[in-house]
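**Student:** Going down the list, the protein sequences come from chains A and B. Under the numbering used here, the letters of the first sequence match residues -15 to 299, in that order. Under the numbering used here, the letters of the second sequence match residues 20 to 376, in that order.
A portion of the hints provided could be inaccurate.
Claimed, not checked - Below, a list of computed lysine-lysine pairs in the BS3-like style, where the Cα atoms sit at most 27 Å apart: (1) B:K310 to B:K372; (2) B:K149 to A:K293; (3) B:K40 to B:K229; (4) A:K191 to B:K360; (5) A:K191 to B:K46; (6) B:K46 to B:K26; (7) B:K263 to A:K103; (8) A:K292 to B:K46; (9) B:K263 to B:K126; (10) A:K191 to B:K93.
Claimed, not checked - Stretch by stretch, here's where chain A covers chain B in the computed footprint (C-beta under 8 Å, at least three residues): (11) 91 to 99; (12) 117 to 125.
Unchecked claim - Some chain B residues flagged as far from chain A (calculated, every beta-carbon gap over 10 Å): (13) D47; (14) A104; (15) G141; (16) Q157; (17) N182; (18) Q359; (19) I374.
Since the hints were made in silico from the structure, they are not lab data. All C-beta atoms, glycine included, are put in the ideal place defined by N, C-alpha and C.
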Amino acid sequence: MPLFKSFSSFYEKSKNKEIVAGLSLISIAVLLNLVFGYFAMIFAFYLSFFKWDYIGEMQFVGLKNFAIVLRDLSRGLHGSYYLIAPFYTGLKNILIYTAIVVPVQTFLAIVLASFANQKIKGQQFFKVSYFLPATTSSVIISLIFIWLFMKNGFINYVFDLTVPGFQPIDWLNDKRYILLAISMVAIWGTSGHFMVSFLAAMQAIPKELYEAAMLDGAGPIRRFFFITIPMLRPMIVYVVVMGLIGALQMFDLAWVMAGASGGPGGAGYTVALDIYNEAFTRIRPGVAAAKSWFLFAIIFTTTYIFQKKYGRALR
Amino acid sequence: MARVLLKEVTKRFGNLIAVNKLNLEIKDGEFMVLLGPSGCGKSTTLRMIAGLETPNEGEIWIGDTLVNEIDPTKRNIAMVFQSYALYPHMTVFGNIEFPLRMSGVPKQERAKKVKEVAEFLGIADLLDRKPSQLSGGQQQRVALARALVREPQVFLLDEPLSNLDAKIRTQMRFELKKLLSYELGITTIYVTHDQVEAMTMADRIAVMNKGVLQQVGTPDEIFYKPSNTFVATFVGSPPMNLIKGEIRRKDGEVFFETEYFTLKLSPDVPEAEEIILGFRPQHVDVALEQKDDYISGKLLGVEKLGVENYGHITYGNTDIVVRVPEDIRISRGEIYWKPQKNRIYLFDPKTGKTIYG
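Kindly generate the complete structure, drawing on both the sequences and the hints.
**Tutor:** Set out below in structure tokens:
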């Protein structure tokens, strides 16, 4: 067996051993990534120039699919009804949603991490309870929150008790509130996850910096703003970028809480929902691929600009 | 500027007593070195003065104020950390400016003061850099500048030179002393485990071991009048030789006897039987031939340190180190030595206290 022999001698060289071991360890991840990541991306790019119904022959249509998306956007900008301009509706909603969710979840995660970083009795319990939502399926979370958001549900009950003159809101059936309700669930679900990231970063800040600042006359609040926040900057950039990516392609919460059509007045409709509908309801995979590329471009530019502006390495 | 007074200060970490009933006064403008091995409580003492640790018992006074209950942010104390603890996200200017900013000094005055102190320390051209772009020596100067800029009452330094390489360390040693004592006359408390630093910089040294203050005195007092075996062996390099033996009196003369040799002592030594004899390697006369009262021994080897050479002579399981003068060229074999009579110490073998010398 000359092949086997040559391989075994190749393998016996200690340097090669390391290469073979390394490559075989990463091979599964690389393979999955190639098939479901890069192949899917390239295929989607290819698909965006074709008309197809999954069964019949693919028909080249040039840039027609992109034109459909652009027309959708222009209709939306001219104030068309939401069903006529679904992509525009989804895009508008998701931008509002991102603008609410990302800042609030980042801020909340820092606040929670600061609390968890204190030497308070039972803080382990708080750490676990903050993090628990991150371990729970988003569909289950959404179902629980649908129940909490009902007109005679728990959330209205709490507001009723605390806010004088509060009128119960029909959160999920009112187009003014459904996006806000989804945002609240998203914030609740992700803040704990990012809290752990911030907590790790906080614990990596040398204690001596705080002691030096203390002797320089900085009290706890000024230590937080002059030491903690700037030292957390790389982590803040990371969390915001991850938050942006997650929020802009949000699908699961809207799907469960608002439904495939986006709930009342399309107020819970998102770009990811629209791509899904395009591909599997309207059976226009080419258009769905074109929309995916639009979404990709939006995510890429926002995160790129943000990284460029704030992501400079600290040291 | 102010004196610092510690009264019966005790600090416990769980069952461990880090500092045990410490009484110490650091005079106004004095350069005091806290010296001891790691874990002796010297850094804890410094941190208690700074307010970073709270004593379990005792009082700490700075100037005329009892500071036990005063927050470290309000003690007007500056500290240089071993790691310098520079703020990595701020420029050198920002670092030096920080304490002034915290105490509400107006912006223009801040800029003026930062420039002054930076020029004073020779780092004026580094003000726009980040700490990561500086060498160890430069970082140290920035840490010093940050500490000096607000004219603190007391200046604390926690092993500030130990992260520097040997050459810069020697240079900075004298520079620090010059700056803090001769030019500014600021009350300084300096923690180190390096006895050379202590000897060269201190006005007075406080030697600590296992949380207990062993001796306070000028470098000369510590070196020539050690109060016990710990101080005697901790200060001085190589350490003082200690030999267990007995004192015998015969015909009005006094002898120190061990299994291996007998040594004539001056007749004024106190009455005692079991005793520890101590003498420094530098206070020994060495010869190649037998002379009066000289002790013969087998030389195991010589450590050459340039000008100084130290010979190791062995008796059973006791090793004696003596300084071999430059003109005696020998590396092995028979050698004759005698400790200088007026440089001999006697210690109580039970308590370790100095009883003679």
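**Student:** Against each hint, give a clear statement of whether it holds in the structure.
**Tutor:** Comparing the hints with the structure gives:
1. Only pairs whose Cα atoms come within 27 Å are accepted, and K310 of chain B paired with K372 of chain B is rejected, the gap being roughly 32 Å.
2. For the given pair, K149 of chain B sits about 19 Å from K293 of chain A by alpha-carbon distance, which is consistent with the 27 Å threshold.
3. Annotation: proposed proximity of K40 of chain B to K229 of chain B holds, straight-line Cα distance about 12 Å (limit 27 Å).
4. Among the hinted pairs, K191 of chain A with K360 of chain B is inconsistent with the structure: their alpha-carbon atoms are about 52 Å apart, more than 27 Å.
5. Proximity of K191 of chain A to K46 of chain B is assessed by CA-CA distance (about 30 Å); at most 27 Å being required, the pair is judged violated.
6. Among the hinted pairs, K46 of chain B with K26 of chain B is consistent with the structure: their alpha-carbon atoms are about 14 Å apart, no more than 27 Å.
7. At roughly 52 Å between alpha-carbon atoms, K263 of chain B and K103 of chain A are farther apart than 27 Å, so this suggested pair is violated.
8. This hinted pair does not check out: K292 of chain A and K46 of chain B have alpha carbons roughly 55 Å apart, beyond 27 Å.
9. Restraint check: the Cα-Cα separation between K263 of chain B and K126 of chain B comes to about 67 Å, which exceeds 27 Å; the hinted pair is violated.
10. With a C-alpha separation of about 19 Å, the suggested pair K191 of chain A and K93 of chain B falls inside the 27 Å cut-off, and the hint holds.
11. For the segment 91 to 99 of chain B, the proposed coverage by chain A is satisfied: 7 residues have a C-beta within less than 8 Å of a C-beta in that chain, meeting the threshold of three.
12. As drawn, the segment 117 to 125 of chain B meets chain A at 4 residues by the rule of a beta-carbon pair under 8 Å; at three or more, the given contact holds.
13. Distance check for D47 of chain B against chain A: the nearest CB is about 20 Å away, which clears 10 Å, and the non-interface claim stands.
14. Non-interface call for A104 of chain B relative to chain A: violated, since the shortest CB-CB distance, roughly 4 Å, does not exceed 10 Å.
15. Every CB of chain A is more than 10 Å from the CB of G141 of chain B (nearest about 22 Å), matching its label as outside the interface.
16. The Cβ of Q157 of chain B sits about 16 Å from the closest Cβ of chain A, beyond the 10 Å cut-off, so the non-interface label holds.
17. Residue-level check passed: N182 of chain B sits 12 Å from the nearest beta carbon of chain A, beyond 10 Å.
18. Under the 10 Å C-beta cut-off, the non-interface status given to Q359 of chain B relative to chain A holds; the minimum distance is some 47 Å.
19. Distance check for I374 of chain B against chain A: the nearest CB is about 43 Å away, which clears 10 Å, and the non-interface claim stands.
Hints 1, 4, 5, 7, 8, 9, 14, counting from the list given before, are not met by this structure.
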